[in-house]
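Number of protein chains: 2
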Amino acid sequence: MTFEISSVFSKLQMLSTSDHASVVSMNLFVALLCGCIVIGHLLEENRWMNESITALLIGTSTGVIILLFSGGKSSHILVFSEDLFFIYLLPPIIFNAGFQVKKKQFFKNFMTIMLFGAIGTLISCTIITLGATEIFKKLDVGPLELGDYLAIGAIFAATDSVCTLQVLNQDETPLLYSLVFGEGVVNDATSVVLFNAIQSFDLDQIDPTIALHFLGNFLYLFIASTMLGVLTGLLSAYIIKKLYIGRHSTDREVALMMLMAYLSYMLAELSYLSGILTVFFCGIVMSHYTWHNVTESSRITTKHSFATLSFVAEIFIFLYVGMDALDIEKWKFVSDSPGTSVATSSVLLGLILLGRAAFVFPLSFLSNLAKKSPNEKISFRQQVIIWWAGLMRGAVSMALAYNQFTMSGHTSLRCNAIMITSTITVVLFSTVVFGLMTKPLIRLLLPNTAHSKESTITISTDASTPKSFTVPLLGSAQDSEADIDNHDIHRPSSIRALLSTPTHTVHRLWRKFDDAFMRPVFGGRGFVPVEPGSPTERNGHQWR
Amino acid sequence: MTFEISSVFSKLQMLSTSDHASVVSMNLFVALLCGCIVIGHLLEENRWMNESITALLIGTSTGVIILLFSGGKSSHILVFSEDLFFIYLLPPIIFNAGFQVKKKQFFKNFMTIMLFGAIGTLISCTIITLGATEIFKKLDVGPLELGDYLAIGAIFAATDSVCTLQVLNQDETPLLYSLVFGEGVVNDATSVVLFNAIQSFDLDQIDPTIALHFLGNFLYLFIASTMLGVLTGLLSAYIIKKLYIGRHSTDREVALMMLMAYLSYMLAELSYLSGILTVFFCGIVMSHYTWHNVTESSRITTKHSFATLSFVAEIFIFLYVGMDALDIEKWKFVSDSPGTSVATSSVLLGLILLGRAAFVFPLSFLSNLAKKSPNEKISFRQQVIIWWAGLMRGAVSMALAYNQFTMSGHTSLRCNAIMITSTITVVLFSTVVFGLMTKPLIRLLLPNTAHSKESTITISTDASTPKSFTVPLLGSAQDSEADIDNHDIHRPSSIRALLSTPTHTVHRLWRKFDDAFMRPVFGGRGFVPVEPGSPTERNGHQWR
Numbered sequence: 000m001t002f003e004i005s006s007v008f009s010k011l012q013m014l015s016t017s018d019h020a021s022v023v024s025m026n027l028f029v030a031l032l033c034g035c036i037v038i039g040h041l042l043e044e045n046r047w048m049n050e051s052i053t054a055l056l057i058g059t060s061t062g063v064i065i066l067l068f069s070g071g072k073s074s075h076i077l078v079f080s081e082d083l084f085f086i087y088l089l090p091p092i093i094f095n096a097g098f099q100v101k102k103k104q105f106f107k108n109f110m111t112i113m114l115f116g117a118i119g120t121l122i123s124c125t126i127i128t129l130g131a132t133e134i135f136k137k138l139d140v141g142p143l144e145l146g147d148y149l150a151i152g153a154i155f156a157a158t159d160s161v162c163t164l165q166v167l168n169q170d171e172t173p174l175l176y177s178l179v180f181g182e183g184v185v186n187d188a189t190s191v192v193l194f195n196a197i198q199s200f201d202l203d204q205i206d207p208t209i210a211l212h213f214l215g216n217f218l219y220l221f222i223a224s225t226m227l228g229v230l231t232g233l234l235s236a237y238i239i240k241k242l243y244i245g246r247h248s249t250d251r252e253v254a255l256m257m258l259m260a261y262l263s264y265m266l267a268e269l270s271y272l273s274g275i276l277t278v279f280f281c282g283i284v285m286s287h288y289t290w291h292n293v294t295e296s297s298r299i300t301t302k303h304s305f306a307t308l309s310f311v312a313e314i315f316i317f318l319y320v321g322m323d324a325l326d327i328e329k330w331k332f333v334s335d336s337p338g339t340s341v342a343t344s345s346v347l348l349g350l351i352l353l354g355r356a357a358f359v360f361p362l363s364f365l366s367n368l369a370k371k372s373p374n375e376k377i378s379f380r381q382q383v384i385i386w387w388a389g390l391m392r393g394a395v396s397m398a399l400a401y402n403q404f405t406m407s408g409h410t411s412l413r414c415n416a417i418m419i420t421s422t423i424t425v426v427l428f429s430t431v432v433f434g435l436m437t438k439p440l441i442r443l444l445l446p447n448t449a450h451s452k453e454s455t456i457t458i459s460t461d462a463s464t465p466k467s468f469t470v471p472l473l474g475s476a477q478d479s480e481a482d483i484d485n486h487d488i489h490r491p492s493s494i495r496a497l498l499s500t501p502t503h504t505v506h507r508l509w510r511k512f513d514d515a516f517m518r519p520v521f522g523g524r525g526f527v528p529v530e531p532g533s534p535t536e537r538n539g540h541q542w543r
Numbered sequence: 000m001t002f003e004i005s006s007v008f009s010k011l012q013m014l015s016t017s018d019h020a021s022v023v024s025m026n027l028f029v030a031l032l033c034g035c036i037v038i039g040h041l042l043e044e045n046r047w048m049n050e051s052i053t054a055l056l057i058g059t060s061t062g063v064i065i066l067l068f069s070g071g072k073s074s075h076i077l078v079f080s081e082d083l084f085f086i087y088l089l090p091p092i093i094f095n096a097g098f099q100v101k102k103k104q105f106f107k108n109f110m111t112i113m114l115f116g117a118i119g120t121l122i123s124c125t126i127i128t129l130g131a132t133e134i135f136k137k138l139d140v141g142p143l144e145l146g147d148y149l150a151i152g153a154i155f156a157a158t159d160s161v162c163t164l165q166v167l168n169q170d171e172t173p174l175l176y177s178l179v180f181g182e183g184v185v186n187d188a189t190s191v192v193l194f195n196a197i198q199s200f201d202l203d204q205i206d207p208t209i210a211l212h213f214l215g216n217f218l219y220l221f222i223a224s225t226m227l228g229v230l231t232g233l234l235s236a237y238i239i240k241k242l243y244i245g246r247h248s249t250d251r252e253v254a255l256m257m258l259m260a261y262l263s264y265m266l267a268e269l270s271y272l273s274g275i276l277t278v279f280f281c282g283i284v285m286s287h288y289t290w291h292n293v294t295e296s297s298r299i300t301t302k303h304s305f306a307t308l309s310f311v312a313e314i315f316i317f318l319y320v321g322m323d324a325l326d327i328e329k330w331k332f333v334s335d336s337p338g339t340s341v342a343t344s345s346v347l348l349g350l351i352l353l354g355r356a357a358f359v360f361p362l363s364f365l366s367n368l369a370k371k372s373p374n375e376k377i378s379f380r381q382q383v384i385i386w387w388a389g390l391m392r393g394a395v396s397m398a399l400a401y402n403q404f405t406m407s408g409h410t411s412l413r414c415n416a417i418m419i420t421s422t423i424t425v426v427l428f429s430t431v432v433f434g435l436m437t438k439p440l441i442r443l444l445l446p447n448t449a450h451s452k453e454s455t456i457t458i459s460t461d462a463s464t465p466k467s468f469t470v471p472l473l474g475s476a477q478d479s480e481a482d483i484d485n486h487d488i489h490r491p492s493s494i495r496a497l498l499s500t501p502t503h504t505v506h507r508l509w510r511k512f513d514d515a516f517m518r519p520v521f522g523g524r525g526f527v528p529v530e531p532g533s534p535t536e537r538n539g540h541q542w543r
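Chains as they are written, first to last, in numbering that gives the first Met the number 0: chain F, 0 to 543; chain P, 0 to 543.
Hints were generated in silico from the structure; no laboratory data involved. The beta carbon of each residue, even a glycine, is placed where N, CA and C say it ideally should be. Honestly, I wouldn't trust all of these hints.
[As the list claims (entries may be wrong)] Restricting the straight-line Cα-Cα distance to at most 30 Å, the calculated cross-link-like pairs of lysine-lysine (BS3-like) are:
hint	chain 1	residue 1	chain 2	residue 2
1	F	241	P	438
2	P	511	P	102
3	F	331	F	137
4	P	241	F	438
5	P	370	P	102
6	F	240	F	438
[Stated by the list, open to error] For each label pair, taking beta carbons as the anchor points, the in silico distance ranges come out as:
hint	chain 1	residue 1	chain 2	residue 2	range
7	F	70	P	209	39 to 45 Å
8	P	209	F	63	45 to 51 Å
9	F	70	P	212	37 to 43 Å
10	F	70	P	211	53 to 59 Å
Start from the sequences, fold in the hints, and give me the full structure.
So, in C-alpha cells, the structure goes:
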C-alpha cells in the first residue's frame, strides 16, 4: 500500500519537476544567453567583435568546461535538431529581416539580387563540387560518392544570411546589406529547386529540356512562395484594418501579426515551397500595410519584439554551434589523421573563396551594365566587400552537413566524421576570422560610411526618388576617384535607357496602383512620399 | 548510382520540409489560434462569452471535424504533453500575472490569500478525497486505491489560475481578483508540498511531528521560491541599471527581461521549488524595479509582449483541451456504462462545489476578524463570488489526471478511462457553465463594479494609503446596506488593533526601506507616492 502511494506521488512529483536533465540544460542555455547579451553589450564599442562571435566563443568555452566535467564524454547538452532550427529559430530571424528591410533599396536592386542568389549560387555550387571531387580523391578522404560531392557543393554554397545580418549594418551600408542579405534569401529557394530537380530527373539522360524544366521549377517556386507571403501579409492587414482589432485590445493585434507571420512560413513548408522566401515577403508586406493599421503601442511592441526574438534566436544558434563544435565523438577519427582533416578544411575554405569570387565579380559587371548613373553602380571596392561578407558559413551549413553525413547525430564512417569536423572547422573559422575582419575591411575600403549614418536618414527623408538613397554611400570623393575604371566605360545611352527604364516605370506604376487600389483596401501609409513611419526610420528619429 | 543520389536528395528534401504530419498540425493550430483571436474580438462586447470559452468551443468543433475526417479514429492532432504545458505555456501566463498585478492590493490581502491557498486547498482536498472514497465504492467505478483517491483530491482541489484570469477583471473587481488569483498561485506550492510530504513520510506511522514537518516543508518551499523570484528580479534590475543596457540597444533590454524571467522559473524547477510562485514574484519585482530602469520603448514593448505571450498561451491551452476532449479512445469504455460516467462526473462536480464552500466561507469569516474597518471586510456577496470564481478546473487538472490515470496518453483500464472522461467532463462543464455564469453573477451581486473602472484609476492615483484602493468596490450604498449582517459584528477594538497594526507597520517600514536602500541600488520609481508609471496604470492613461 505504502509502496503504491509513493509510486503515485513520485509520478506526480516527476510531473511537477519534469525531466531533470532537460531542465538542467535549459537552465544552462538560458543563463548563457543572458551572459552573451551582457557581454555583447560590454563589447558594443569594440571595433572587432560582434554578438555572433561572442556567442560562438562563449559556446566553445562552455563546451570545454562540459567536456572536462563529463570526463571527456560529450561537450554539448542538446542534440542538434534540424526541426528546432528550421521550425523555431530561422522563421523569426528571416521575418524580422523582411520587416526591417529598407524596401526601396531592396526592390531597386531586385534584379542584381536575383542574379546573385540564383545564378551565383549555381556557379558557386558547381565550382565547389568540381573542386572537391578533384582534390579530395588525392587527399585520401574516403569513399565519397557523387551524391556526397553534390551535397558538399550545396552545403558550402549556402551563404548564411544570419551571419550577414550581424556583420553588415543596414544604416551604414544599405546597398551592400540589401545585396548580400537578399542573395542569402534567394539562395534558399535555389537550393530547394536544385535538390528537387536532381531528385526528379535522371542524371544519365541529360538533354536540353532539363534546363528548361529546372528554370520552370525555379520560377514556380519563387513566384508561389512570394505570392503566399504577400497574400498572408495582405490578409493580416485587411483583417486588422476591417475589424479594427485595436479597438478592444492591443494584445490581439500583436498576437495576430505574430501568428500570421508564422502561419505564412508554416503554410509554405506545408506546400513544399520555400518558407524563408515566404516569410521574408510576408515581413515586407506587413511592414508596408499591417504595421500602419495597428495602434501606436502595437507598432512599438511589434517592432521591438520581432527584433528581440530574432536577436535571441541568432545568439542561440551561434551559442549552440560553438558548444557542439568540440563534441569528442566526431574528433576521434580525426586524431588518427590530423593532416587529412586540416587539408580538407583548407581546401573547402579555398573553394568557398574561389566559388564566391567566380560569381560576384562577373555578375557585378553584368549588373553594372544595366545601371544608368555612375552612382548606382557597384564599385570594385564594394564588390570586394560583397565577396567577403558572403563568405561566412553558419548554422544552415551545419544543419545540411548533419543531415547528409550523420545518422541521428552520430558518425560511424571515417569519411563522414572528417566531413563533419571539416564543416565545423569551416564554420568556426569563417565566422570568427572572416567575421572579425569584415568591420575593419569595410572601414578600410569605404572609410566614410561610419559617419554617414545621420546623413542617410536626413537625405532619404527629403528625397523623393529611390536613387538618392545611395548618395551618402557612393557620393564621397574618394569613392568616385577610386572607381574610375568602372565608371568610365561608356555605353550607348539607348541601351542604358532600355535597361533602366523598366525599373523606373514599374516603380511609378506600382506607386499609382498602391495609392489607388491597395491602400484604400489594406491601409498602410508612407510609401508616398518617403515612408515617414517605417519601422527603421521611426527608430532613428524617435524611439531610440 | 541514380538510386544513391536520389536517396541523398530525398534526405535533403526531407530536411527542408521537416516532418510533414507535424507541419500539418502546426498549421492547423496556428490558424485556429488566429481564428480564436478574431472571433474573440467580435464577441468582445458579448456579456456572456469570454476568450477561453470561445477557444474551448472552437477546439471541440475542430475535434468533431477531425473525428469525422479521420473516420472516428482520433480527434486531436497533438498528444497532450505535460512538458509543453509546464515548461512553455504556464510560465508566461503566471509571469505576466505577476507583472501586471496590482501590487498594493495583493500585499494588503496577503494573509487572506495565504489562508485560502494553503489551508483552503488542504480542506478542499480532504473533502474531495473522503467524498470520492465513500461514493465511488457505491457507484461501481472499479478498483481504485487509496493513492488514486488522494490523487483525485489533489486533481480537483487545484483551482485553475488561468481560468480565473479570464473571468475576473482586475480593474473592475481588484479585491476579488487578487484573492482568487493569489489563492491559485499559492495553491501550487501547497500541492507540491503535499505530494512531497506524503511521499517521504510513512502513512502508517502518523504522529504529531508529521504535521510539524509538513509545516516546515511548506514554509521552506514558500520562502525559498519567493526569495529566488525576488533575487532574480533584483539581479535583472541591477544589471540593467548598472550597465545601462538601453544605451546601445532596446532589444537587449527586452531580451534580458524575458530571459531572466524564464530563468527564474527554470531555476526553481531545477531546485525542486515551485516555479509558479517564483516566476510570479519575479514578475512583481520586475514590474517594481526593472521595468522602470529600461527605455520608454522597452517599457511599452515588454508590457505588451508579455501580455500577448500570456494571451496566446492561454488560448492555446483551451483550444487544446477542447480538441482533446472528444478523443474516441477514452470514450469507448464509457459507452458501455454511460450511467456510471455521468454519476461520477456529477459527484465530482458536487464535491468541488462542497469542498470549496467548506473553506471559503469559514476562512473569509476568520479573515474578516482581522480587518478593522467595515470597508476592508469580505462581504457575503463577495464570498459567494470568490467561491464561484474558483470552481473552474482547467489544464492543470487535465495534466494531473493524464499523469495519474494514463500511460503515455493511453488508457487501458476501465476505471482509469472513467476517471479521464470524468475529468474532461468536469473541466468542460465547469469552464463553460460556471465560466459563462460568472460575469452575470458579478453583475447581479455587485451591480456597480462595471462602471467604477474609471474612478478606480482616478482615486488610486490621488490616494496615498492602500486602503483607498477598495473604496470604489465596497463604498457603494447598496453594498454597505447588503452587508449589514457581516459588518455589524462588533469586536473589542483592542483585538482589531492588534491584528491590523502589523500590516500597516510593515507597509510603512517597507516604504522607508525601499526609498533608503532598495531604490538607490535597483532603480525603479513609483512606489512613492502612488506608482504613476506602473504598467497597468500607464496603459489606462496613455497607451490604450
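The hints, checked one at a time:
1. F:241 x P:438: holds, 29 Å
2. P:511 x P:102: The given pair, whose Cα atoms are some 17 Å apart, holds under the 30 Å limit.
3. F:331 x F:137: Satisfied, since the Cα-Cα distance of roughly 22 Å is no more than 30 Å.
4. P:241 x F:438: This hinted pair holds, its Cα atoms lying about 28 Å apart.
5. P:370 x P:102: Within the cut-off at roughly 19 Å; holds.
6. F:240 x F:438: Violated. Residue 240 of chain F to residue 438 of chain F sits at ~42 Å, over the 30 Å cutoff.
7. F:70 x P:209: 39 to 45 Å: holds, 42 Å
8. P:209 x F:63: 45 to 51 Å: holds, 48 Å
9. F:70 x P:212: 37 to 43 Å: holds, 38 Å
10. F:70 x P:211: 53 to 59 Å: Violated: the Cβ-Cβ distance is about 43 Å, outside 53 to 59 Å.
Of the numbered hints given earlier, the model fails hints 6, 10; all others are met.
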